[in-house]
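J.: Protein chains in written order, with my numbering: chain A, 11 to 269; chain B, 103 to 212.
Read the hints as simulated data drawn from the structure, not as lab findings. Do not rely on the hints blindly, as some may be mistaken.
Which stretches of chain A does chain B cover? Using the computed rule of at least three CB atoms under 8 Å from a CB of chain B, they are [claimed, not checked]: (1) 150–157; (2) 174–180; (3) 210–216.
Below, computed lysine-lysine pairings styled on BS3-like, alpha-carbon distance capped at 25 Å [stated by the list, open to error]: (4) B:K150 to A:K36; (5) B:K193 to A:K168; (6) B:K114 to B:K175.
Partial list, computed: chain A residues near chain B (C-beta under 8 Å) [as the list claims (entries may be wrong)]: (7) D200; (8) Y202; (9) Q204; (10) V207.
C-beta atoms are modelled at their ideal positions from N, C-alpha and C, and glycine is treated no differently.
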Amino acid sequence: MVRRRRTSGILAWLLEALFFKKRSVKIGIYGPPNAGKTTLTNRIIHTFADEEEDVGTASEIPHETRRAVRRGGILIDLKQNLKQFQRTNFNSNPQPLSDPTRNGDPTRNGDPSTNPSTKSGRKGRAKLKLDVVDTPGLATKIDFHDFLAYGLREEEAKQRAKEATEGVIEAIKWLDDIDGVILLMDATQDPYTQTNVVIIGNMEARGIPVVIAANKIDLSSAAPQKIKKAFPQHFVIPISALTGENMPEFYAAMVRRFR
Amino acid sequence: MNIKMDLISEDKVNSMGSMEKIRFVLDGVKSGNIVVLEGGLTSEEQMKLIELAMLEVDEDFTGIEMSGYPSKKGFFNLRKKTRLTVVGPAKTMHTIKKGKDWISAVISEI
Chain A
11 MVRRRRTSGI LAWLLEALFF KKRSVKIGIY GPPNAGKTTL TNRIIHTFAD
61 EEEDVGTASE IPHETRRAVR RGGILIDLKQ NLKQFQRTNF NSNPQPLSDP
111 TRNGDPTRNG DPSTNPSTKS GRKGRAKLKL DVVDTPGLAT KIDFHDFLAY
161 GLREEEAKQR AKEATEGVIE AIKWLDDIDG VILLMDATQD PYTQTNVVII
211 GNMEARGIPV VIAANKIDLS SAAPQKIKKA FPQHFVIPIS ALTGENMPEF
261 YAAMVRRFR
Chain B
103 MNIKMDLISE DKVNSMGSME KIRFVLDGVK SGNIVVLEGG LTSEEQMKLI
153 ELAMLEVDED FTGIEMSGYP SKKGFFNLRK KTRLTVVGPA KTMHTIKKGK
203 DWISAVISEI
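Only chain A is shown next, with the shape it has when bound in the complex:
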């Protein structure tokens, strides 16, 4: 019985490998408002799909993204895109790809398993076909008064608050329909928030793989090591979605985790 089952499993795998294309994995980009989710989504699309295409606009006003946006048909091919990495990354602060001692931060480029330029990084040559879903920021409270501080009129602020609450619900609903999560955290903020803990707890309970991106390492107050310390059981890759710093390592981690 077991033998027959194993044979049919191998047969199914062979048939799929020979005749069917591997389906795309749906990756949700989650995180609190203003963590840089849209900036990261745009960067992934610019690097692997279309340099001119944006899924949304980034803004300093929280809850700029209030509807989840999916962009399909993205192929991450690390080998093919190596030249592109070098062109699109480090455009503001060129640094060598693998210098574990940089800034004395052990989480920055220090993990050889996530670095495509190292021996184990050869696995990064694999491809990953994916759809990315840029989700609205997850929050437990939304007060329209907070938007007034950004110069919005009261009616606009109330409308934004209403749409933001709908956006949070939509982001939560999307969790039922995704294969992996990139949890984006602002490395300048305290990572140990209940929202981050709840997202990670839910992913663990559902058995969905998570990669944590510690964003905004281009800022001097960034402390990605705090995120690594808070969530030691997960991949934590320090990045700057804005400048492109450390993105090759991040893409390699994505391929390894979500393949």
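Using the hints, position chain B against chain A.
T.: Just chain B, lined up with the frame of chain A:
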């Protein structure tokens, strides 16, 4: 103005189903109470609570502030054991800082 706190024992928490717990917490918080659950809510229950709270946000009720100790691995690492969850109205309760085994929060009048 006095602020009411509801301290709910683990036995009481365990006697309720998931949805019952969430409704109980949300009703308490919407009434302006701080609800402390011994034994706590699971991650899934907390996510559901956020979702339901968002449905009820308006000009008066701006949402919830929630804090809790992370769950511990339970019997043979098969089940996670939740520990404690504190939930309050966002206008009243503000978590200052939290760690794995401690929560520092300020509770103030609206």
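J.: Run every hint past the structure and note whether it holds.
T.: Evaluation of the provided hints:
no.	hint	in the structure
1	150–157	holds (count 5)
2	174–180	holds (count 4)
3	210–216	holds (count 5)
4	B:K150 to A:K36	holds (22 Å)
5	B:K193 to A:K168	holds (17 Å)
6	B:K114 to B:K175	holds (22 Å)
7	D200	holds (7 Å)
8	Y202	holds (6 Å)
9	Q204	holds (5 Å)
10	V207	holds (6 Å)
Hint violations for this structure: none, all hints satisfied.
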